[in-house]
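**Q** Given the coordinates of chain A, work out where chain B should sit on it, guided by the hints.
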Amino acid sequence: MVTKTYEEINTRIKNGEAVVVTAEEILGIIDEIGIEEATRKVDVVTTATFGPMCSSGAFLNFGHSSPPIRMEHVMLNQVEAYAGLAAVDAYIGATQESVDRGYEYGGAHVICDLIDGKQVHLKARAKGTDCYPRKEIDTYITKDDINEAYIYNPRNCYQNYNAAINTSGKRLYTYMGVLSANQGNVTYSTSGELSPLLNDPLYRTIGIGTRIFLGGAIGYVSWMGTQFKSGAPRGENDVPLTPAGTLALSGDLKAMSTKYIKPAVFEHYGTSMFVGVGIPIPVLDEDIMRHLSIRNSDITTNVIDYSDPNHGSIKTVTYAELRSGTVDIDGKKIKTSSLSSLKKAREIAAELKSWILKGEFMIQEPVHQFEEGNTLKGLKDVKKEVK
Amino acid sequence: MQNMFLLTFPSEESGQSVTYDLIKMFDLKINILRASIESDAKGFLLIDIVGSLDRIDEVTAFLEANHVSATRITAAIQIDEDSCVDCGACTAVCKAGALYMDKDWSLQFDNEGCLDCKVCIEACPVRAISAVF
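These protein sequence lines are chains A and B, in that order.
According to numbering that gives the first Met the number 0, the first sequence is numbered sequentially starting from 0.
According to numbering that gives the first Met the number 0, the second sequence is numbered sequentially starting from 0.
Bound-form chain A, shown alone (with noise of 0.2 Å):
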């Protein structure tokens, strides 16, 4: 078996002689060339995602006013941030409604205006104590005028969503887009085999501490997301077939780009975030090969009715027939849309391949490995304390 360490693959990346290529790149080079010279000749395969992802924010540190303030509640354009923090740290949300324009501008329009340099108006109040006596301030920001600003996304990179369909006779809005009565359409969100969960499907060389592209920076991989369903039913090419592994993810607010990031507006629904991620998988062995060899035809995803309560499945489809335009439902071709931007999925795998030809971007083995097996929870609804 061919095999490659991370020290190997880095030195080739730092002398410019590593063989990089994107998640759909290198399926061309396994059909030409086979599963184990595809492992000799490619070091490195980049897979890269642009989808919406409400569980997304930014921590944000203002700094010091004279005389300080401990920030008990924050305000920025109209946005609640969460300062329930030490003095002058928040956490804003992605989803936040502002209290003047509702969701058509929200904690991720806040994040984005910080990104493009723009002034954000900031307000804060306080109770005011011996040690922070001022009670309020009302000022601007940039993110140059603030110490650290940076993304922390507790949940990115679903491996494996479900895709939509609306079975009853109203129109229904809904995170993965309007859904048109009596079954009209099917919507979707995944970049398929450019998606980087569905490229490392047993979390081989994604963990904690991977090095990876956030929004146009550099950021890594902090922790598990949540929803972590490492368990989930498995067919053999060990692809989940249900969702499954998620990734908290954490970058520079400060050197992203709005071209990577942006927010996103479901009517009557919310605000979200468009998060552009690309991760890279260093080709270690065959194995991982042979899982970076996954392609469209191979995953299948549930069409669930976002009309039922429960959300029960009506069809498994793969994802070939998703990106095909329309899928078979009751004898009825269904038309489908994509809700992440598979034009943008690949632009961010072409720049990360181009970080790492260019030497400027390393290969980080995880630090920890995320555990197989794990199961989720439901809330249960309890009446009474147990005491």
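Quick caveat, the hints were computed from the structure, so don't treat them as lab data.
Take these hints with a grain of salt, some might be off.
Only pairs whose alpha carbons sit at most 25 Å apart, straight line, appear in this in silico DSS-like list of lysine-lysine [unchecked claim]:
id	chain 1	residue 1	chain 2	residue 2
1	A	Lys332	B	Lys102
2	B	Lys102	A	Lys258
3	B	Lys94	A	Lys342
4	A	Lys332	B	Lys117
5	A	Lys382	A	Lys357
6	A	Lys334	B	Lys28
7	B	Lys102	A	Lys334
8	A	Lys331	B	Lys94
9	B	Lys94	A	Lys334
10	A	Lys331	B	Lys102
11	A	Lys332	B	Lys94
12	B	Lys117	A	Lys314
13	B	Lys117	A	Lys169
14	B	Lys102	A	Lys342
Covered stretches of chain A (chain B as the covering partner; in silico rule of three or more C-beta atoms under 8 Å from a C-beta of chain B) [what the hints assert, rightly or not]:
id	region
15	179 to 187
16	253 to 266
17	338 to 344
Not close to chain B: a few residues of chain A, all C-beta gaps over 12 Å, as computed [stated by the list, open to error]:
id	residue
18	Glu31
19	Asp144
20	Arg210
21	Tyr219
22	Ser221
23	Thr270
24	Asp286
25	His310
26	His367
27	Glu384
Ideal Cβ positions, reconstructed from N, Cα and C, are used throughout, including at glycine.
**A** Below, chain B without anything else, positioned relative to chain A:
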């Protein structure tokens, strides 16, 4: 194909019978597709001129002389390409198939196929689509 024009009237002209003049003076067959008056008394009229546009220069000159601006409309919506991320959310609701993804997964718009339902405007997560009228 329709020959749609959006006529914009300044507030002081809103009372004028321009449509009647156009029919009478230029022998045009006009369908009024939409008409509205804003709160500031500015008026909008969306018309479709059926048949030949041979005398269109004279028509616009006449309108301009009466302080009415005429803009040729080729589609009910416009897409801001700088904002669009080519996600595809708008194509989900486009029953006419006028919004579609090409082979490179870039959004394309076929204005001739557009049925003017405008559901795409609310379906667009980056608010890149706006109504022309």
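**Q** Each hint should be assessed against the structure and marked as holding or not.
**A** A quick look at each hint next to the structure:
1. A/Lys332 with B/Lys102: holds (20 Å)
2. B/Lys102 with A/Lys258: holds (22 Å)
3. B/Lys94 with A/Lys342: holds (23 Å)
4. A/Lys332 with B/Lys117: holds (24 Å)
5. A/Lys382 with A/Lys357: The given pair, whose Cα atoms are some 59 Å apart, is violated under the 25 Å limit.
6. A/Lys334 with B/Lys28: violated (39 Å)
7. B/Lys102 with A/Lys334: Holds, at about 16 Å.
8. A/Lys331 with B/Lys94: holds (15 Å)
9. B/Lys94 with A/Lys334: holds (9 Å)
10. A/Lys331 with B/Lys102: holds (24 Å)
11. A/Lys332 with B/Lys94: holds (13 Å)
12. B/Lys117 with A/Lys314: violated (30 Å)
13. B/Lys117 with A/Lys169: Within the cut-off at roughly 17 Å; holds.
14. B/Lys102 with A/Lys342: holds (10 Å)
15. 179 to 187: holds (count 4)
16. 253 to 266: holds (count 6)
17. 338 to 344: n = 6 at 8 Å, threshold three: holds.
18. Glu31: holds (22 Å)
19. Asp144: holds (27 Å)
20. Arg210: holds (25 Å)
21. Tyr219: Given that every Cβ of chain B is farther than 12 Å from that of A/Tyr219, nearest at about 24 Å, it holds.
22. Ser221: holds (25 Å)
23. Thr270: violated (10 Å)
24. Asp286: The assertion about A/Asp286 holds, with a minimum of 30 Å to chain B.
25. His310: Answer for A/His310: holds, closest chain B Cβ roughly 19 Å.
26. His367: Non-interface label on A/His367 holds, nearest chain B Cβ at 33 Å vs cutoff 12 Å.
27. Glu384: A/Glu384 clear of chain B: closest Cβ-Cβ about 42 Å, beyond 12 Å.
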